[in-house]
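*Asks:* If you want the building blocks of each chain, they are given just below.
Protein chains: 2
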Amino acid sequence: MTTLRILTLNCWGIPIPVVCKNRCDRIEAIGDEISKRDYHLVILEEVWLSSDYKILCEKICPVLPHAHYFYSGMLGTGCCVFSKFPIGETMYFHFSLNGFAHKVWHADWYAGKGVGLCKMVIDGLHINLYSSHIHAEYNRANDEYLSHRIAQCFEMSQFIKQTSGTCDLVILAGDLNMLPSDLGYRVILTNGNLQDCWTDKEKTTSDEAGNTCELPDNSYTSAEDTKVNPLGKRIDYILYRANQGVKVFIKEASVTMGCIPGKHFHYSDHEALEAVLRIEKSSDVVSPLEDDDHLESERNQHLLEAIEFIDIGMEQSKFNGMFFQFGFLLLFILLFLLSQTEAGGDPMIFYILLFVKLGLTLVLAFCFWTGVMVTRTDANNFLGIKLNIANVLKNSKVKIQ
Amino acid sequence: MTTLRILTLNCWGIPIPVVCKNRCDRIEAIGDEISKRDYHLVILEEVWLSSDYKILCEKICPVLPHAHYFYSGMLGTGCCVFSKFPIGETMYFHFSLNGFAHKVWHADWYAGKGVGLCKMVIDGLHINLYSSHIHAEYNRANDEYLSHRIAQCFEMSQFIKQTSGTCDLVILAGDLNMLPSDLGYRVILTNGNLQDCWTDKEKTTSDEAGNTCELPDNSYTSAEDTKVNPLGKRIDYILYRANQGVKVFIKEASVTMGCIPGKHFHYSDHEALEAVLRIEKSSDVVSPLEDDDHLESERNQHLLEAIEFIDIGMEQSKFNGMFFQFGFLLLFILLFLLSQTEAGGDPMIFYILLFVKLGLTLVLAFCFWTGVMVTRTDANNFLGIKLNIANVLKNSKVKIQ
Chain E
1350 MTTLRILTLN CWGIPIPVVC KNRCDRIEAI GDEISKRDYH LVILEEVWLS SDYKILCEKI
1410 CPVLPHAHYF YSGMLGTGCC VFSKFPIGET MYFHFSLNGF AHKVWHADWY AGKGVGLCKM
1470 VIDGLHINLY SSHIHAEYNR ANDEYLSHRI AQCFEMSQFI KQTSGTCDLV ILAGDLNMLP
1530 SDLGYRVILT NGNLQDCWTD KEKTTSDEAG NTCELPDNSY TSAEDTKVNP LGKRIDYILY
1590 RANQGVKVFI KEASVTMGCI PGKHFHYSDH EALEAVLRIE KSSDVVSPLE DDDHLESERN
1650 QHLLEAIEFI DIGMEQSKFN GMFFQFGFLL LFILLFLLSQ TEAGGDPMIF YILLFVKLGL
1710 TLVLAFCFWT GVMVTRTDAN NFLGIKLNIA NVLKNSKVKI Q
Chain X
1350 MTTLRILTLN CWGIPIPVVC KNRCDRIEAI GDEISKRDYH LVILEEVWLS SDYKILCEKI
1410 CPVLPHAHYF YSGMLGTGCC VFSKFPIGET MYFHFSLNGF AHKVWHADWY AGKGVGLCKM
1470 VIDGLHINLY SSHIHAEYNR ANDEYLSHRI AQCFEMSQFI KQTSGTCDLV ILAGDLNMLP
1530 SDLGYRVILT NGNLQDCWTD KEKTTSDEAG NTCELPDNSY TSAEDTKVNP LGKRIDYILY
1590 RANQGVKVFI KEASVTMGCI PGKHFHYSDH EALEAVLRIE KSSDVVSPLE DDDHLESERN
1650 QHLLEAIEFI DIGMEQSKFN GMFFQFGFLL LFILLFLLSQ TEAGGDPMIF YILLFVKLGL
1710 TLVLAFCFWT GVMVTRTDAN NFLGIKLNIA NVLKNSKVKI Q
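Here the protein sequences line up with chains E and X, keeping their order. Position one of the first sequence corresponds to residue 1350 (this note's numbering), numbered consecutively onward. Position one of the second sequence corresponds to residue 1350 (this note's numbering), numbered consecutively onward.
Hints may be right or wrong, so weigh each one.
Where chains are identical, the list cannot tell them apart; a pair therefore holds if satisfied intra-copy or between any two copies.
[What the hints assert, rightly or not] Here are the computed lysine to aspartate or glutamate pairs in the EDC-like style, where the Cα-Cα straight-line distance is at most 20 Å: (1) Lys1748 x Glu1438; (2) Lys1600 x Glu1557; (3) Lys1612 x Asp1566; (4) Lys1510 x Glu1438; (5) Lys1452 x Glu1493; (6) Lys1612 x Asp1374; (7) Lys1552 x Asp1387; (8) Lys1600 x Asp1387.
These are computed hints drawn from the structure, not numbers from a lab.
Excised from the complex, chain E in its bound form:
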């Protein structure tokens, strides 16, 4: 019998002080607090700076000596893992789609989003620990990233399914940026054959809702957030699958961390989620999720729905492509006309004109890059994912209505 205490926290480590307050104090406090608690596995997201990761290592590694950061993409992945047990082989799967390059202020596109895998052996149990952080939802009422987010959920579930056949236990922890009622969450659960620690828990020391983000008592929750989600929302998860011959009991799952002692602010804009798993090996146990026709039928329904969003995403990519190509043409004409404009000897107007032309030419280049490269890549990647979903459906043993 093995007991695993697991924690996951989105650390909100964006290195822009105006956007992300008290980062340095909070990272120090997160490290201090985790090092005082008795976890076996800690999975963190939004650790964007190497220097922050270094601070966390210094604080946490004396108690959890094995650490891994998933380096990838221009801004990194933000995802890292701390473990009491040696980390085995590791790997990282990049999501094909990750938002829009032209939404620079949302920055997700520039991060190397994906799903990381750390294999480990704990008490003879082969464990596949997955860490991920799905693209953010910026506007629930008009979620222009929904197709991208659903594509990520499918790719994550497919990666987990294809890489977890030989392990005993699968754990996926992280900020999935999806509510339990959302399609993406249902795709991850049903196509990845995963269960939710929160719903399967025997007890909790926190609120029964399990909300981890935009909680009304969190110091970083704005009045506007509270208006939309008065009680916050559940978007951070610890999911699991017990494979053949393994039984898992979720002894406890709780929302934790809260306010930093002695400070007027919280550890992060998210709360952490912790779970205590008791794992037993027993040769007569069949995974409850395998060969379940009802579950497969449910998955098929979710995947059919997902295809609709993939189609929308594909059309959106093509539309964006045309939009930026048109923008390119328009700017080209505008620049041509501007080039004929004389400053009339006024050096002030001369320099203003100069910088306007330089700026417009850079926007022109951006339009070309986005209109020709990025949106075309997105459309192709959507098509690839659509075919992968279609192949899951085609191979279902359950008839699709």
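Could you slot chain X onto chain E? The hints should help.
*Replies:* Chain X alone, transformed into the frame defined by chain E:
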């Protein structure tokens, strides 16, 4: 007992007539020829155009009714699979590194290179078929892409290793752009636990060298190619692994296709490779590649060597980053000086100056994009891969000298 006849061919389907001759005729001929032969699985690379894939489907699908194209990246992957048996679930892993964005004329960066997986069940055997096309080697004497190519080989081997635990047979077919003596090939074989059909064959109907590219009698081989490789080179492979309880005999492996009948040119600048595998299920067979300390020690040596190239790649990315940032600064100053230049009333000079300034500003934007985004992403991805390699080595049961 199951017999599988497999063919792989790089179709050389680049849609630029000056670079790639007789494409339309060759694609038609490839489709016709394959449809006349009795293969079970056909894996093609460099099918860049959807219209070419459609032609191949029309010709091949009457005999191999199941087809899958791996859509990904701006230019696609070029990789597709035709099968006599239904194709099960599919998935695509994008390589983190794929050459240089600034080498536009080599174009690899703009293709969605990676490794595709098609799962299938043939006579009760669970088969994982992988299709890939590694980044080209443009100049063997001074291979600036070597680090990228080795990174791809490692990622491919890791993806295959992590996704193939539950199948009976692994097949990897494609143009690996690596000689059998190259480090990348050895990394794929030893870290992916794969064997080479060519070296394990019982017989061949072709030359014993197994060369598939730059063959002296190929109509597209240049005199210069022949000077470097008088007998051509072996870079197309069918690799395999028989997992626990499965025995594979390579009854035959041959280089095939040659010249198109009635034409003066070959099917492609590569020859095809075909192999006949006889597969037996036998519960007492242990995979010859599992738990082999000698093989693991050999793998470790290759991975240590690979880390050296990953380090070189990381440094190269950082250097390129500085180069393009410096270029950005220089161009900014040049543009500023040019903006002070007057055309002197001559409309000809005015328009020349205008286009020079426009062109330089676009190069400026490219320098910014490459210097800040692309090279930084590359350096991060190299670091991620380095840690993944280090974790394989750290978890080796064989002591590393």
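*Asks:* Between copies, within a copy, both or neither: which fits Lys1600 and Asp1387 at Cα up to 20 Å?
*Replies:* For Lys1600 and Asp1387, only the intra-copy Cα distance (15 Å) is at most 20 Å; the inter-copy one is 58 Å.
*Asks:* Using 20 Å as the alpha-carbon threshold, which applies to Lys1510 and Glu1438: within, between, both, or neither?
*Replies:* For Lys1510 and Glu1438, the Cα distance is within 20 Å both inside one copy (17 Å) and across copies (10 Å).
*Asks:* For Lys1452 vs Glu1493, is the C-alpha pair at or below 20 Å within one copy, between two copies, both, or neither?
*Replies:* within (11 Å within a copy, 34 Å between copies)
*Asks:* Can you give me the call for Lys1600 and Glu1557, within, between, both or neither, at a CA distance of at most 20 Å?
*Replies:* For Lys1600 and Glu1557, the Cα distance is within 20 Å only inside one copy (15 Å; across copies 63 Å).
*Asks:* My question is about Lys1552 and Asp1387: at a cut-off of 20 Å on alpha-carbon distance, are they close within one copy, between copies, both, or neither?
*Replies:* Result: close within a single copy only, 18 Å intra versus 61 Å inter.
*Asks:* Given a CA cutoff of 20 Å, do Lys1748 and Glu1438 count as a within-copy pair, a between-copy pair, both, or neither?
*Replies:* Result: close only across copies, 16 Å inter versus 38 Å intra.
*Asks:* Regarding Lys1612 and Asp1566, is the shortest C-alpha distance of 20 Å or less found within a copy, between copies, in both, or in neither?
*Replies:* within (14 Å within a copy, 78 Å between copies)
*Asks:* State whether the alpha carbon distance between Lys1612 and Asp1374 is at most 20 Å within one copy, between copies, both, or neither.
*Replies:* Within one copy, since 10 Å is at most 20 Å while 74 Å is not.
Hint check: no violations occur; every hint is consistent with the structure.
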